[in-house]
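Peer 1: Start from the sequences and build out the full structure, keeping to the hints where you can.
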Amino acid sequence: MQSTSRLTQFLLLAPAQALLVALLLLPSLYVGWLSLTDASLGRAGNFVGLANYGRLLADPPFWAALWNTFVIVNVIVYGELLLGLGLALLFASGVPFTRVMLAIVIAPYAMSEVVSVVMWNSMFDPDAGLVNWLIGRIGLGPLEWSVNRWHAFLLITLLAIWHHLPFTFLILYTARLALPKDLYEAAALDGATAWQQFRYITWRLLLPAMLVAVLFRYIFAFRIFSEVWLLTQGGPARSTEVLAIYLYKQAFSYHDFGLASATGWIMVLLSLLIALYYLRMAYRRMFAQAGGPLAGASA
Amino acid sequence: MGLMQRGGKGLLLVLVVLWSLAPIALIVSASFKPARLIFEVPPHWLFEPTLDNYRQLWSEWPQFFACLKNSLIVTAGATLLTVVVSSLAGYVYSRHQGRGLAASAFFMIVIRMFPPIVITLPLFPVVNAMHLNDSYTILILLYAAFFVSLSTWIVKAGIDQLPYELEEAAKVDGASLAQMLRMVILPLIAPTLVAASVFVLVFAWNEFLFAFIFTTTRAKTAPLILSEMMGAATGVDWGVVFAAATVQLVPVLLFVVLAQKYLVAGLTAGSVKS
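Chains as they are written, first to last, in our numbering: chain A, 1 to 299; chain B, 1001 to 1274.
Hints in this document: simulated from the structure, not taken from any laboratory. Built from N, CA and C at the ideal position, the CB exists for glycine as well. There could be a bad hint or two in this list.
Unchecked claim - Chain B stretches covered by chain A per the calculated footprint, using a threshold of three residues with CB under 8 Å from any CB of chain A: (1) 1098-1107; (2) 1114-1121.
Said to hold, decoys possible - Negatives, chain A to chain B, calculated, CB over 12 Å: (3) Ser5; (4) Trp63; (5) Trp150.
Peer 2: Here is the structure:
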């Protein structure tokens, strides 16, 4: 099939690769360099070795942001996995008006983070939000997310799960639909209970899809910025800052590019670490049978 | 299936619909409520719908509509750019193999793992120096960069399905590569191209972070002005915010519902089938 010349191949790939190199690769590498200097906004700095990393690791708000990110991301990812799996199995068992129901479940995917925040903010308004009023009525007290850190976490994770559940659900649902029917028929003939069918067929065969879903959601949830920024701006008293907010504030509020760049480079390394297993799989497959790039669909 | 089981499933489905739609339905319906009823609890389910909030949006926030236009331009630009460059790259990855190509394809995956906030640091001064801040161009380029990998993979998967004989026939007829791509391949994978555009389109229409950092007035997008309306110094006028949110969300919601099939196809090509 080698009919297009090398040069033509190169020219066809060039625009896509140029976008990635110019806007993602070079800036990221440059952040790595910046993190080793005392540069500030628009001013080149001197090489200072690992001093920024030393300062960063000695900064309690950094550790707080790291911890907050860890907690929020895990709740989001596993909350979504649980709900997404339940929903996928519910749909696989047959639901009336499947197409309409699918459209309904996917709807939150179309929302912007800002609009989602408008929705959840107004539903949970401490004075007049509908949901806060309802949970007050059943004696759970209002969610005071603008003053209570844990209440804020709860609202942030609820919002993020609502927004991204369609992604996790669709991955699991399409994977579930692809499982062969005769496996279940054979199991039913052998007298397997519904639980046994789930445990020994569904769960095992869906594991790869669950892994992909979890991995992509880890990578994308790890970047969380807008939801937190729009709801709490990291407050009260920096108590809900996540890494992306910490980085933003260091750079654009405190003008400490050193700390911001060091945070950025740590975020890059952590992302790659999370993705390592997936990247290794992709690497093997591609060099075994030169394939194409795979990437998640949510941002 | 027993009556109990069917009842339980019915209840579950009601909960699913409530969970997915209630937040959207609440603000859309509230945008038609008279201001004094918006935060009444218990809520008024029946009310006389009014366009007051929309009128107020029109008169008090004329910038909102300018931002909506900016969003439209940026979204169209980013989608077009992504689909064009992905089509070219996807063709090469589908029809050719080799270590160099595998390496460049692998690079496309790895680079997608990089968090967007990180690149804002070095880009901010560069973008300022190139006078690209507050421009459509920078947003279009950034949005395309983040979705080129996924779209390329979707296009590649689509072209993989086409028999190679089609191309040979076109070549025998003396078609150049450009003609063959434009007149044979791309028309045949039109549904795939839609699937490849869904994700970047939704992303570009809704994106907040880059718009927040790289635009101030001229290229400000709808999500950004919405966030400003929410944080307005004079206190939030929820009725107007709901009206603006409704205007922003309805088109993209309709699009996602209509393109549902392609969304599923794209996701399957992009992240599950490996």
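Peer 1: Quick one: see if chain A covers the region 1098-1107 of chain B, three-plus residues with Cβ-Cβ under 8 Å.
Peer 2: holds (count 8)
Peer 1: Taking a Cβ-Cβ distance under 8 Å as contact, does the region 1114-1121 of chain B have three or more residues in contact with chain A?
Peer 2: holds (count 8)
Peer 1: Is the nearest CB of chain B more than 12 Å from the CB of Trp63 of chain A?
Peer 2: Holds, because the least Cβ-Cβ distance between Trp63 of chain A and chain B comes to about 19 Å, which exceeds 12 Å.
Peer 1: Decide, holds or violated, for the assertion that all CB atoms of chain B are farther than 12 Å from the CB of Trp150 of chain A.
Peer 2: 22 Å, holds
Peer 1: Please confirm whether Ser5 of chain A is truly not at the interface, meaning its C-beta sits more than 12 Å away from all C-beta atoms of chain B.
Peer 2: Ser5 of chain A is in fact no farther than 12 Å from some Cβ atom of chain B, at 9 Å.
Taken one by one, the earlier hints fail for this structure only at number 3.
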